[in-house]
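Colleague: Numbers in our numbering are just positions in the sequence shown, counted from 1, shifted up by 3.
Do not take every clue at face value.
[What the hints assert, rightly or not] Calculated pairs, DSSO-like style, for lysine-lysine (alpha carbon to alpha carbon, straight line, at most 27 Å): (1) K16 to K96; (2) K27 to K8; (3) K27 to K96; (4) K27 to K47.
[To be verified] Quick list of the computed label-pair ranges, beta carbon to beta carbon: (5) T79 to R23: 21 to 27 Å; (6) E26 to K104: 20 to 26 Å; (7) H53 to K16: 24 to 30 Å; (8) P38 to F108: 35 to 41 Å; (9) K151 to G109: 40 to 46 Å; (10) E133 to E31: 39 to 45 Å; (11) F108 to K151: 35 to 41 Å; (12) K16 to G85: 31 to 37 Å.
Hints are computed from structural coordinates only; laboratory data are not their basis.
Idealized CB from N, CA, C, for every residue including glycine.
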Amino acid sequence: MLTWKDIINFTVKGNPKPDRRIEKTDTEWRETLTPDQYRITRKKGTEPPHSGALCAIHEAGKYNCVCCGTPLFDSTIKFESGTGWPSFTQPYKENAIQYKKDSSFGMIRIEVMCNTCDAHLGHVFPDGPEPSGLRYCVNSESLVLNTKEADID
């Protein structure tokens with residue numbers, strides 16, 4: 004189980020190696036994503052709170068990266084944070100997410116991105132529920148929920 008200390012270590016010492024890498028040109032991303040998905044995942048945008056389609060959904064499944072399909076979060080670790088964005092306590096696998104210090108907007112945060120394709124997902128904070136204490140605050144537009152029973156481990 005990852006902790007805040009692990010997250011800080013990743014931002015300072017380097018991220019875990021992903022299982023695979025996917026790289027596309029800006030034009031290729033624009034051709035495969037909706038305008039909102041592109042703005043959020045490729046340009047580090049955000050969606051207004053409580054506007055995302057996946058905010059209040061609690062179906063069983065995996066939350067995959069909308070850009071490359073990599074499993075990022077499992078529905079069993081999703082929780083209601085009250086923030087207006089889907090929130091999770093742990094990544095699907097330790098190496099599914101990469102972490103980067105984000106000093107934008109006059110504050111210091113830890114940005115979370117898909118470790119396979121560098122898609123911006125949101126941020127992680129140390130104010131989540133026990134036992135990890137982590138809150139991955141993720142844009143709905145950066146995720147797709149896979150509810151196919153055959154695809155759930």
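Colleague: Hints the structure violates: just list their numbers, smallest first.
Modeller: 2, 7, 8
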